[in-house]
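Undergrad: Next come the chains, spelled out residue by residue.
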Amino acid sequence: MPDTQALVNDFLNKLKKRKIEGSQATAKQTAELLRSVISQTRVPYTNQAAALIQSVKAVGEGLIAANPVELAVGNVVRRVLHIIREEDLSLTTAAMAGLNLSAVSDDEDDVGGDNQPVLSAAAIAAASRSTLRPPSLQTLLEDVPDSAAVPHTSSSGGDSEGKSKSADKSSRSRKLKHDVIEAVNELIQDINTCHEQIAEQAVENIHQNEVILTLGSSRTVLEFLCAAKEKKRSFRVFVAEGAPRYQGHLLAKELVTRGLQTTLITDSAVFAMISRVNMVIVGAHAVMANGGVIAPVGLNMVALAAQKHAVPFVVLAGSHKLCPLYPHHPEVLLNELRSPSELLDFGEFSDCLDFGSGIGAPLLHVVNPTFDYVPPKLVSLFITDTGGHNPSYIAEIYQLFVTSLRGEDMKFKSEIMKTNCVAGGNLVKS
Amino acid sequence: MSFPILMKPLPLSLKDFNFIAEANKSNAPGGAASSKSVKQPPQKKDGPPVASSVAASERGVDRPVEKERKKDLPPPRMQFDDESRVGKAKRRSLLNQPEARNRVELFRHLPPHKNGSQLPYLESKFFELHEMHPSVYKVGLQYLTGDTSGGNARCIAMLQAFQEAIRDYSTPPEKTLNRDLTSKIGGFVSFLIECRPLSMSMGNAIRFLKSRIARLPLTLSESEAKAALCSDIDRFINEKIVLADKVILRHAATKIRDGDVLLTYGSSCVVEMILLYAHEIGKQFRVVVVDSRPMLEGQKLLRRLVAKGLSCTYTQLNAISYVMHEVTRVFLGASSIFSNGTVYSRVGTAPVAMVAHAFHVPVLVCCEAYKFHERVQLDSICFNELGDPDAVSKVPGRVDVNYLDNLTDKQKENLQLLNLKYDATPSDYISVIVTDYGMIPPTSVPVIVREYRKEYLLI
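So the protein sequences, as listed, match chains A and B.
Once you know that position 102 of the first sequence is 102 in full-length UniProt numbering, the rest is easy, because the numbers rise by one and skip nothing.
Once you know that position 170 of the second sequence is 170 in full-length UniProt numbering, the rest is easy, because the numbers rise by one and skip nothing.
Treat the hints as calculated values from the structure; they're not laboratory data.
Note that beta-carbon positions come from the ideal geometry of N, C-alpha and C, so glycine has one too.
Please note that the accuracy of each hint is not assured.
[As the list claims (entries may be wrong)] Per label pair, the in silico range of CB-to-CB distance:
id	chain 1	residue 1	chain 2	residue 2	range
1	A	R233	B	K454	53 to 59 Å
2	A	N209	B	K394	28 to 34 Å
3	B	F359	A	Q5	45 to 51 Å
4	B	E326	A	N209	41 to 47 Å
5	A	Q197	B	N340	44 to 50 Å
6	A	N209	B	Y452	46 to 52 Å
7	A	H207	B	L243	54 to 60 Å
[As the list claims (entries may be wrong)] Within a straight-line C-alpha distance of at most 30 Å, the following computed BS3-like cross-link-like pairs (lysine-lysine) qualify:
id	chain 1	residue 1	chain 2	residue 2
8	A	K231	B	K410
9	B	K421	A	K308
10	B	K421	A	K19
11	B	K412	A	K232
12	B	K410	A	K229
13	B	K412	A	K231
14	A	K229	B	K412
15	B	K255	B	K283
16	A	K308	B	K255
17	A	K232	B	K255
18	B	K138	B	K300
19	B	K394	A	K229
20	B	K246	B	K283
21	A	K14	A	K57
[As the list claims (entries may be wrong)] Calculated Cβ distances over 12 Å to all of chain A for the following chain B residues:
id	residue
22	I156
23	Q160
24	P172
25	L218
26	D245
27	L249
28	D260
29	M273
30	P362
31	P389
32	P396
33	K410
34	Y452
The whole structure should be built from the sequences, with the hints applied where relevant.
TA: Next comes the structure, spelled out in structure tokens:
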């Protein structure tokens, strides 16, 4: 436990001081941290899922409060909580199916016929697992069809239940943690490979001799374009520099190193050039529940220009960026203001920025936001690691995902202040 | 920077002027194919086009009308994607133009940027360039280095330089003042074009001057003619620029209410005057100055506004969606306004107008009427000006973001840098245009061009 506490504190510090930035890095670290928290948590015999959930929530609250703008942290915490509940539920149904099996086989020993009960028991277990499990993000995105509802046979024989319970408990406790950690490992794996999975769809979306526009720099976009280049598509890229961080320069350098024809333009020239562009491809910081995008500053202007010229606006986002919260005044509440020194040199206008001179209020304010909000009606397509989606489909996924989450998972104290959450309550669609 | 050596007035003798006139005729670039012929087609702007109209004015009134209508078509520009014409222009040019590396394909039809590194070459060539009047030379250098920028400033500087050149001018023997002076002015203009492509305001001013020269009655003596021309130029500057600005101030100040938050982009002299005037007459408002790379003109405007005590907010163009929520009016300047209502202005004006339109904020463009032009333009690519590409890759003052400093040759081969100077804002984003003729909608621009252009050409 002390080890994890040190790890947690270290990560909290990094988040607070913005030493670690970027959704993929924070998501990965959060998942790994929660994995160690889970493995270190001591679980009692009964109701272990609650204990795990408790410890994860405690850590999660702190992480989210450290950097509320980094929505990927909250997303991962919610996914882990969901995993815990899922695994718990599946283990419970398996246990119950196991009890049924023992009960059934007791009854049917007289009848004889060994093969049939085994099959039916396994089938019952699988069926009950899928029916009892509420629709999860996994199942929705993978579109697993529900098998026919199997009559839920109540466990018969309370005494046999009691006997097997004690035997199962110890194995179950180990099994739950084990399953949860396996699932979290899968989650980490997904986060790691999201770039590759998105990049696989590049070839289907980029044709020959295309002209693509992007702003700033995003690793997803870089991998996407390079994957298309690998498959021998030839196209040109216009990169807008993305002042005041100038990450467009970095992206341009990367692209020319890999042999793509790149033109670096200033942000002011985006409107002038967009009429000659076939497609705009950008990365996102986070995708909100209504399909709106929190993106690096300047992208709302690009999206408006793209809409005016009927140019498709494509957003690439890994599934760890999908956030089930609704944005309310996102440009103010989900934004961060950076140092004015990126716009004006130190000392240049210091007499006007000073609070101490004259009337006690500065004459000059400098505004340097980090993020922009792009409303869903301006986005043509989302490409995630599960495929391409419309903004309205993203919103639909959230409706179902949110209703499958428990209400208490949705709201974290620090987030209540920041966003208007969907009233999750205990809506469970069965 | 100062050029003390170069300001020594050269004693220009009559012989020199003769030589100059001949040299100028063959030096005029633009429409290269027609430069040899004596009878110029009316479309050419530089070089002597008025020879035919001068002759016509003697015969009757209807001929000039026809020529005027034909001349109203905007002259075709130099085609930089045509190899043979580029070669010819290079041989004739005064400036040594280095091969622009990696020119962007879409903009091959535009001249590449000439930067201040031409100065030593020009200085060494000066004493061979007897044909240039020193004040015109000075103005050209100021354009080249970017010391003089902005439509009004450039136009006024050019006209005042022409005034001095006219005062120092004397007609060579066996030449009429009209034709010779016109060809001299043409030579000056071609030099200025080489330093930096003309802005629309300058183009209109030159047309005005040439038409004034053409309409000089032949009975005037040389000194009277020169005095008339100088006073015409003074009147043009006074009426079309100085007084026009005052009228625009009055109109625009009525649109500013107490408690307004006004947004402006870049640095326009007219908008600056409006803001300072409104502040003087006691209106309470806040200003948001939006700036962009690479010129960062907004900082100069910011300094002047803050010095006068206006409370300002400063931001970069990318943050325009963030600040637009609290903005009530947007004031923009223009380099020119075309006949289809498109506003041709500093690059970045179009996104500002577009975002303002999306947030339902009225956009007021403030522009003197002499800048209107009968051209039409749909996008920012057919006609534009290219700036220094290295200004895009280098970020002055911030060493941490100089990612493009050391590129290998292979990398440089694939990378192109584009630095546009102007862009075209579609007329649907503009609410009203404030001119010295009043506040007009963008659709009324061709009316002003048609109705009032003749009037001021004939004053």
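Undergrad: Tell me the hint numbers this structure goes against, listed in increasing order.
TA: Of the numbered hints given earlier, those the structure breaks are 10, 17, 31, 32, 33, listed in rising order.
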